[in-house]
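Please put together the full structure from these sequences, using the hints given.
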Amino acid sequence: MVFWTILRRETFQLTRSVHGLAPLFLALAGAGAFFVWALRRAEGTAETLPALWGLATAFGLPFLAAVAASRGFTQDREVGMLRLMFSTPVRARWWVLGKVMAAWVLCMVYVGGMGLSCWALTRWAMPADAALPGTWVGFALAVAALAAQALLWCGVGTLVSLFSRSSASTFLVSLLACLAAPPALCQALAAAFGRPMAQWPWFPMQMAVYDCAGGLVDVRALVGCVTGAAVLIYAAGMAFDALRLCATER
Amino acid sequence: MLTLTDATFLYAETCGIRGASLRVAPGEVVGVVGANGAGKSTLLGLAAAALVPQAGTVQLALTDLAGRTRKYRSDQGIGYRRHVGYMTELAPAYAEMRVESYLRFRAKLRGERFLRIRRRVKEALERCGLMAARRRTIGKLSLGMRRRVALAEALLTMPSVLVLDDPFAGIDAAMRADFAEVIKEVSPRAHVLISGHDPALLGACCTRFALVERGRVAEASLDAAAAMARLLPEPAPEGQGRA
Chain Y
634 MVFWTILRRE TFQLTRSVHG LAPLFLALAG AGAFFVWALR RAEGTAETLP
684 ALWGLATAFG LPFLAAVAAS RGFTQDREVG MLRLMFSTPV RARWWVLGKV
734 MAAWVLCMVY VGGMGLSCWA LTRWAMPADA ALPGTWVGFA LAVAALAAQA
784 LLWCGVGTLV SLFSRSSAST FLVSLLACLA APPALCQALA AAFGRPMAQW
834 PWFPMQMAVY DCAGGLVDVR ALVGCVTGAA VLIYAAGMAF DALRLCATER
Chain L
20 MLTLTDATFL YAETCGIRGA SLRVAPGEVV GVVGANGAGK STLLGLAAAA
70 LVPQAGTVQL ALTDLAGRTR KYRSDQGIGY RRHVGYMTEL APAYAEMRVE
120 SYLRFRAKLR GERFLRIRRR VKEALERCGL MAARRRTIGK LSLGMRRRVA
170 LAEALLTMPS VLVLDDPFAG IDAAMRADFA EVIKEVSPRA HVLISGHDPA
220 LLGACCTRFA LVERGRVAEA SLDAAAAMAR LLPEPAPEGQ GRA
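Chains as they are written, first to last, in the working numbering: chain Y, 634 to 883; chain L, 20 to 262.
Looking from chain L toward chain Y, a few residues come up when the C-beta cut is under 8 Å (computed):
| no. | residue |
| --- | --- |
| 1 | GLY64 |
| 2 | ALA67 |
| 3 | ALA68 |
| 4 | LEU70 |
| 5 | VAL71 |
| 6 | ILE97 |
| 7 | ARG100 |
| 8 | ARG101 |
| 9 | TYR105 |
| 10 | LEU109 |
| 11 | PRO111 |
| 12 | PHE124 |
| 13 | LYS127 |
| 14 | LEU128 |
| 15 | ARG129 |
| 16 | GLY130 |
Since the hints were derived computationally from the structure, they do not count as laboratory data. Here a beta-carbon is modelled for each residue, glycine too, at the ideal position from N, C-alpha and C.
Put into structure tokens, the structure is as follows:
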């Protein structure tokens with residue numbers, strides 16, 4: 634019950650704050666424009682509609698997740714709520730999960746919004762005689778890949794928000810982490826094991842969505858995202874407890 | 020009985036509270052006074068379980084806040100925190116929420132039973148004079164009204180331990196009298212700790228005073244006059260004070 638109480642409040646307030654609707658529409662506009670550009674360019678190629686849609690949606694996702702999650706604990710720190718949260722009989726994991734899932738819900742609203750945009754834009758932007766192959770399975774796989782990635786980005790943002798003192802710095806740090814960490818990790822893995830970077834499932838994350846939507850499901854990438862999110866959520870819970878022990882809410 | 024035994028919490032080598040021992044009986048209202056930075060808020064944070072003691076213990080009856088491992092501390096802390104009502108110095112609240120929704124949200128978080136929430140919120144609103152403002156957005160309220168909201172939040176679940184950090188700061192005399200009346204009303208069934216700088220202001224509701232000096236509890240049972248005398252600087256000897 635506590636989790637649902639926190640999730641409801643966080644989701645409701647997130648959609649009403651500057652970290653909610655404005656970035657959502659911005660991301661929709663940017664990704665929508667990219668989708669139209671990709672549609673027009675794809676005429677006569679072998680690309681599928683879900684793959685183009687998934688790729689366009691995936692590019693806006695780290696941006697939106699970083700903005701939504703940057704509000705997390707940073708806002709509580711700014712208004713002095715963190716100390717009151719410490720004295721509330723709620724386990725750290727419920728605070729963290731509530732905030733992560735609220736940001737994730739916003740990301741999924743974005744994915745849904747992009748679905749509607751796709752339906753509308755294909756009618757408007759695609760030439761009458763052109764036809765791109767697309768199946769519902771492709772769309773479903775793309776949504777699964779996007780959901781897993783969104784969870785990971787929201788986990789990163791929430792963890793960063795625990796230590797940051799302003800929403801702006803949380804946004805910048807988590808966006809950098811979202812964009813730079815996977816390639817950096819893959820670079821390190823490639824250097825260590827001598828395999829080409831493209832063979833590592835985490836690089837580039839957006840291409841994993843593209844592949845999933847086209848039917849090339851990379852289970853390692855999906856499992857990697859979900860496991861990474863679980864580790865981050867656990868780490869954020871530990872960090873919340875650690876803050877209580879050393880009182881760095883000041 | 021609320022008991023702090025050698026409770027220590029240090030932010031840095033010299034900042035925080037060290038070896039604090041204090042006992043508060045049910046029905047007692049203890050005023051915690053001291054200079055700025057003496058460690059009053061840290062002491063109250065320990066009593067409210069917002070901070071976990073680095074050494075020593077904080078106990079309410081048999082519920083011990085400190086334990087052997089971090090997990091044990093955390094789980095025990097949940098049990099202790101259910102009995103605590105805490106108003107922090109900044110009296111924070113979510114500015115975008117309405118007063119009644121905020122109190123209902125906090126009551127749910129503090130583990131109040133679903134069927135009792137409405138009654139508890141109504142009681143707190145009435146007790147703190149917020150019935151007329153219950154549908155107003157917290158961000159649009161004056162500082163005094165926000166402090167009322169914070170007090171109502173602290174009183175929501177009829178806590179056994181009521182910790183009020185500087186509740187009289189920034190409010191007018193009439194509201195101060197209202198606050199003192201509310202504290203007197205709830206004190207017979209709670210252990211109450213109130214911090215402040217002026218024993219004369221706290222005197223209206225406190226039964227005794229504890230003096231905090233340089234991170235230590237120097238005295239634990241002073242009356243208002245003695246606390247005032249200890250807080251004021253000693254007069255300079257004749258012939259040295261003024262040129």
